[in-house]
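**Student:** Sequence:
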Amino acid sequence: ENSSGAQFTAEELYPVIEESLKQHQVKKEEAAGVGELIHKFAEEFAKTKIAGQEIGDIKETDERVVNGICAFLDWYNANNITFLESEKIVYSKEHGFVGITDAVIELDGKKIILDYKSSKGIYSDQYYQLAAYWLAYEEENGKLDGAMILHFDKENGDFSVKEFSREDFEQNYPVFLHCLAIKKREKELAKY
Numbered sequence: 001e002n003s004s005g006a007q008f009t010a011e012e013l014y015p016v017i018e019e020s021l022k023q024h025q026v027k028k029e030e031a032a033g034v035g036e037l038i039h040k041f042a043e044e045f046a047k048t049k050i051a052g053q054e055i056g057d058i059k060e061t062d063e064r065v066v067n068g069i070c071a072f073l074d075w076y077n078a079n080n081i082t083f084l085e086s087e088k089i090v091y092s093k094e095h096g097f098v099g100i101t102d103a104v105i106e107l108d109g110k111k112i113i114l115d116y117k118s119s120k121g122i123y124s125d126q127y128y129q130l131a132a133y134w135l136a137y138e139e140e141n142g143k144l145d146g147a148m149i150l151h152f153d154k155e156n157g158d159f160s161v162k163e164f165s166r167e168d169f170e171q172n173y174p175v176f177l178h179c180l181a182i183k184k185r186e187k188e189l190a191k192y
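Quick note: the sequence shown, position 99, residue 99 per this note's numbering, numbers continuous.
Just so you know, nobody snuck in bad clues.
Derived DSS-like pairs: lysine-lysine, alpha-carbon spacing no greater than 30 Å straight-line:
#1 Lys59 with Lys162
#2 Lys93 with Lys110
#3 Lys111 with Lys49
#4 Lys88 with Lys187
#5 Lys110 with Lys47
#6 Lys111 with Lys93
#7 Lys183 with Lys93
#8 Lys162 with Lys120
#9 Lys40 with Lys93
#10 Lys49 with Lys59
#11 Lys93 with Lys143
#12 Lys59 with Lys120
#13 Lys110 with Lys162
#14 Lys143 with Lys88
#15 Lys40 with Lys88
#16 Lys93 with Lys191
#17 Lys162 with Lys88
#18 Lys47 with Lys93
#19 Lys40 with Lys120
#20 Lys111 with Lys143
#21 Lys143 with Lys162
#22 Lys143 with Lys47
#23 Lys49 with Lys110
#24 Lys93 with Lys184
#25 Lys88 with Lys111
#26 Lys110 with Lys143
#27 Lys162 with Lys47
#28 Lys120 with Lys49
#29 Lys120 with Lys47
#30 Lys184 with Lys88
#31 Lys40 with Lys162
#32 Lys110 with Lys40
#33 Lys47 with Lys88
#34 Lys143 with Lys183
#35 Lys187 with Lys93
#36 Lys49 with Lys162
#37 Lys88 with Lys49
#38 Lys49 with Lys143
Quick caveat, the hints were computed from the structure, so don't treat them as lab data.
I would like the entire structure built from these sequences, with the hints used as guidance.
**Tutor:** Here it is as structure tokens:
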């Protein structure tokens with residue numbers, strides 16, 4: 001009902017609903033853009049460190065992006081990290097999948113595969129994705145000592161690290177392989 005007590009017509013409500021849906025999409029794309037910019041900075045930072053260069057000034061003005069970048073730099077400065085590879089394409093010939101891991105680092109003498117996340121939290125599907133990268137990386141390049149997800153909070157600049165041991169990997173990669181099998185089977189069934 002409107003302020004006069006009359007019912008709204010569908011024609012009156014349609015533009016309001018359409019605008020509401022547009023605003024939801026705008027917010028969603030904006031949040032994705034923040035995560036992409038933080039990730040891009042981390043990628044460029046790793047590449048400059050690998051090349052032995054210095055990173056340029058941060059020109060970003062969005063406070064959420066700056067918060068995420070600061071969280072990343074705080075993590076880097078608080079640890080003994082050497083970037084070995086950035087945006088590494090990994091391929092499993094045995095299992096038939098490809099992916100791109102964000103970085104491979106050396107942390108306190110251990111070789112670790114790293115994935116950056118700027119979602120609202122760290123979720124179980126990300127564990128399986130990281131296990132897939134680990135599996136493919138080792139198939140091509142030999143053993144890793146661990147893996148981690150570095151989560152940037154794009155709202156307040158905090159960061160958290162979720163570390164994965166070999167035992168975690170042993171539990172997570174079979175789940176990934178089962179999901180991969182389901183995906184492949186669904187593709188086959190879609191042909192019928």
